[in-house]
Amino acid sequence: MNGLVHGAVYGGVIASVLLTTIAFGIWFERKFAGRMQSRLGPTIVGPFGLLQSVADVVKLLQKEDIVPRDADRPLFDLAPVLAALFSLGVAAVVPFSPTIIASDLDVGVLYILAVGGLMVIPTFMAGWASNNKFALIGGMRAIAQSVSYGVPLVLAVLVPVILSGTLSVSGIVTYQANHHWFLTWPVFIGVPAFAIYYMAMLAESNRIPFDIPEAESELVAGVTTEYTGAKFTLFYMAEYVHTLVGSAVGAALFLGGWDGPFAPGLHWMVLKTLVLFTVVYWVRWSLLRLRSDQLMVLCWKWLTPIGVLLVLGAAAWVQFVPGGFQ
Amino acid sequence: MNESDGKRRLPRYDEAALAYEHPLYKTLLAAPGLSVSVAPLDLLLSWGTMNSLWVFPMATSCCGIELMSAAASRVDLDRMGTIVRATPRQADVMVVAGTITVKMAPRVKLLWDQMPEPKWCIAMGSCAISGDFYRELYSVVPGIDTFLPVDVYIPGCPPNPEALMHGLLRLQEKVKLARAGQLVAKEYPPNRLDITKPSIARLSDPARDPALSAAQEKSAGEATATDESDERGGGNASAVEPFAAETTSTDVEALLRELGVTEFPKDGAPIVPVEQHVTLARRLRAMNYRIFVHVVATHFPEKTGAKAAPERFEVAYALRSVGSGSKIASWRLSLATGQAAPTLVGVFAGADWQEREQFDLVGVRFDGHPDLRRIMMPGNWEGHPLRKDYPADKACTPWR
Chain A
1 MNGLVHGAVY GGVIASVLLT TIAFGIWFER KFAGRMQSRL GPTIVGPFGL
51 LQSVADVVKL LQKEDIVPRD ADRPLFDLAP VLAALFSLGV AAVVPFSPTI
101 IASDLDVGVL YILAVGGLMV IPTFMAGWAS NNKFALIGGM RAIAQSVSYG
151 VPLVLAVLVP VILSGTLSVS GIVTYQANHH WFLTWPVFIG VPAFAIYYMA
201 MLAESNRIPF DIPEAESELV AGVTTEYTGA KFTLFYMAEY VHTLVGSAVG
251 AALFLGGWDG PFAPGLHWMV LKTLVLFTVV YWVRWSLLRL RSDQLMVLCW
301 KWLTPIGVLL VLGAAAWVQF VPGGFQ
Chain B
327 MNESDGKRRL PRYDEAALAY EHPLYKTLLA APGLSVSVAP LDLLLSWGTM
377 NSLWVFPMAT SCCGIELMSA AASRVDLDRM GTIVRATPRQ ADVMVVAGTI
427 TVKMAPRVKL LWDQMPEPKW CIAMGSCAIS GDFYRELYSV VPGIDTFLPV
477 DVYIPGCPPN PEALMHGLLR LQEKVKLARA GQLVAKEYPP NRLDITKPSI
527 ARLSDPARDP ALSAAQEKSA GEATATDESD ERGGGNASAV EPFAAETTST
577 DVEALLRELG VTEFPKDGAP IVPVEQHVTL ARRLRAMNYR IFVHVVATHF
627 PEKTGAKAAP ERFEVAYALR SVGSGSKIAS WRLSLATGQA APTLVGVFAG
677 ADWQEREQFD LVGVRFDGHP DLRRIMMPGN WEGHPLRKDY PADKACTPWR
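For the protein sequence lines, the chains are A and B, in the order given. Taking my numbering, the leading residue of the first sequence gets 1, the next gets one more, and so forth. Taking my numbering, the leading residue of the second sequence gets 327, the next gets one more, and so forth.
None of these hints come from the bench; they were simulated from the model. The beta-carbon is built from N, C-alpha and C at its ideal position, and this holds for glycine as well. Do not rely on the hints blindly, as some may be mistaken.
In silico EDC-like pairs for lysine to aspartate or glutamate, Cα to Cα no more than 20 Å straight-line [what the hints assert, rightly or not]:
1) K133/A with D70/A
2) K133/A with D439/B
3) K429/B with E708/B
4) K502/B with E64/A
5) K133/A with E218/A
6) K352/B with D65/A
7) K544/B with D439/B
8) K653/B with E579/B
9) K714/B with E601/B
10) K714/B with E640/B
11) K352/B with E64/A
12) K429/B with E462/B
Pulled a few chain B residues facing chain A out of the computed Cβ check, cut under 8 Å [said to hold, decoys possible]:
13) G374
14) T375
15) N377
16) R405
17) E443
Computed Cβ-Cβ distance ranges for the label pairs, DEER-style [said to hold, decoys possible]:
18) F459/B with L85/A: 50 to 60 Å
19) G651/B with L287/A: 43 to 53 Å
20) L85/A with H492/B: 54 to 64 Å
21) V279/A with S652/B: 49 to 59 Å
22) L85/A with A365/B: 34 to 44 Å
23) L712/B with Q294/A: 43 to 53 Å
24) I409/B with A263/A: 35 to 45 Å
25) S16/A with N486/B: 23 to 33 Å
26) W282/A with R433/B: 35 to 45 Å
27) V648/B with W282/A: 47 to 57 Å
28) W282/A with L495/B: 28 to 38 Å
29) I121/A with A541/B: 44 to 54 Å
30) A263/A with N486/B: 44 to 54 Å
Chain A on its own, in the form it takes in the complex (with noise of 0.2 Å):
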């Protein structure tokens, strides 16, 4: 009982910090874009543009809610919500200090895989429901793309999963906090792991390169062509929600969490968060998107059978190495 009060505590607080960053991320996002093209981004709406996301969703919220006649009713309005869920759903296993945690699991790594993954769920409900060829054709894409970044995702959680030998998300980050980040150390495989990481979690999100079942240049909107409203609001959310908890996700695996000098741990946590959160955008704004077939050839002939090279390289090093693994 104490557990679930905890839980629905913390739980709660960290869904609403969240979202409100959210808000905040896409205006960041917008101006963030503008200066990579020379352009201000939004600045009349609240101070620097502050309230652009407020007033957007105040408005997508005043839409008129359209659902397609030959649409599948119930999957069409539950994909969204879903796809909320999911994606929030996540954040219930990343500490974000030594004690925020909604729920430290023993299968944290497993558990965020497993709803991590779930994601693609939605996806393509919505582009099932949905009735329309754009959007079947992007929840088709999604499903291709699952199953291919799906294999590297596992391979590099893997590693800090045997390099720290707990299943606990936590766990893993005090190993770090106790010995070293695996970013910085061992760096060989730290580094290669992060990296594959790093872009399975963009593809897992969709965001460019890797955004094959949005394409807004073949597929109109992807799978949120029919979306309107406070329906697309919600996938617009998710989406974006599912990049910050994946950032998050990845600074504790990786970057050793909330450990860090000079200051208290949940500081550390949320700028190693928003400064992976900030590359996203970067790579987005400055790289095209790859053809489903280019993203299958960069991850099944790249990123799994070096995936696996670092998992064994993971386990010999925690067996040879003095020191290695206590």
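Using the hints provided, position chain B relative to the given structure of chain A.
This is chain B only, laid out in the frame that chain A set:
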């Protein structure tokens, strides 16, 4: 919806129905005791709508380039929260930038109907406002306000990006005033346009026939379906005839004389008897003229007086030889009214669409063509626009 007079009055054309309210908001208004708190809520709602006008770019010509540059670094629509969405479902403002043809209009209408309320329409540039100098053309809609409720007109040819931004600011003003319940001065196109009335009444015209709106609605629903409706010319030329034996001769004039041509005018291609037409094409193909360049039909209406002549059609053909020293061979057919030309599809596959185009625009029939349908105009079009007797402002209902 008023269905008493038997004609379906479309609510979206009704000025009163244009003020869309979200169902939740209406519930709020209806709840007793809650309506007192509506004023600040209204402020919030209109603030949100004003500052987040997402654009659906209905860009068909040069105005579209200005629309694109308005989103780029010098003007930067994103400053005021305006971004471009590719799907009509998530857009608030349709910016019609460019000439809208009769064939395009049903598609524009369809996309407009797919946008969720509340929505607005901006006519960007003189073609969208009135058709501009294409307005008398048979295939151009004389202003999109003949079928869309336009909120803001942005004159210019094309308007520069700053003008588009000014138009969006005016739209913001309009949204704000409409929400506050203040009567908005109705937008009218520039007065100059009253000099020539459009051939159909504008949506804002009180005298407009509701049946016209209904017909446009129906036509929009069948935008793609009607294209298959035109008659097919029978015949089967799909099996390409065996080619004549290759010859090394390059003397086209000798060939023409052999086929019975006697006159070789200096200012044009020789006129070939219709019955020798296919033979000539096959012989020329054997002489290495392998590229079908064009077929162009011209209408010569009946003349009276000193130069009296009956109505006739001329069809000009041109072939090109391949390899070095490439040459062009051309000839004409002269057809009386109703006379058909033998098709060349059996000799040159490339003649297929070109003959369809001539059939569509001039009305010359091609005997034996496997699929003689309209190709440029909508399938339900009446008449052939490039005939000399085709009226310039011919009414093609329901778009003109």
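Each hint, compared with the structure:
no.: 1; hint: K133/A with D70/A; result: holds, 12 Å
no.: 2; hint: K133/A with D439/B; result: holds, 19 Å
no.: 3; hint: K429/B with E708/B; result: holds, 13 Å
no.: 4; hint: K502/B with E64/A; result: holds, 19 Å
no.: 5; hint: K133/A with E218/A; result: holds, 12 Å
no.: 6; hint: K352/B with D65/A; result: holds, 15 Å
no.: 7; hint: K544/B with D439/B; result: holds, 12 Å
no.: 8; hint: K653/B with E579/B; result: holds, 13 Å
no.: 9; hint: K714/B with E601/B; result: violated, 27 Å
no.: 10; hint: K714/B with E640/B; result: holds, 13 Å
no.: 11; hint: K352/B with E64/A; result: holds, 13 Å
no.: 12; hint: K429/B with E462/B; result: holds, 16 Å
no.: 13; hint: G374; result: holds, 3 Å
no.: 14; hint: T375; result: holds, 5 Å
no.: 15; hint: N377; result: holds, 4 Å
no.: 16; hint: R405; result: holds, 5 Å
no.: 17; hint: E443; result: holds, 4 Å
no.: 18; hint: F459/B with L85/A: 50 to 60 Å; result: holds, 57 Å
no.: 19; hint: G651/B with L287/A: 43 to 53 Å; result: holds, 50 Å
no.: 20; hint: L85/A with H492/B: 54 to 64 Å; result: violated, 44 Å
no.: 21; hint: V279/A with S652/B: 49 to 59 Å; result: holds, 58 Å
no.: 22; hint: L85/A with A365/B: 34 to 44 Å; result: holds, 36 Å
no.: 23; hint: L712/B with Q294/A: 43 to 53 Å; result: holds, 47 Å
no.: 24; hint: I409/B with A263/A: 35 to 45 Å; result: holds, 37 Å
no.: 25; hint: S16/A with N486/B: 23 to 33 Å; result: violated, 45 Å
no.: 26; hint: W282/A with R433/B: 35 to 45 Å; result: holds, 38 Å
no.: 27; hint: V648/B with W282/A: 47 to 57 Å; result: holds, 53 Å
no.: 28; hint: W282/A with L495/B: 28 to 38 Å; result: holds, 32 Å
no.: 29; hint: I121/A with A541/B: 44 to 54 Å; result: holds, 45 Å
no.: 30; hint: A263/A with N486/B: 44 to 54 Å; result: holds, 51 Å
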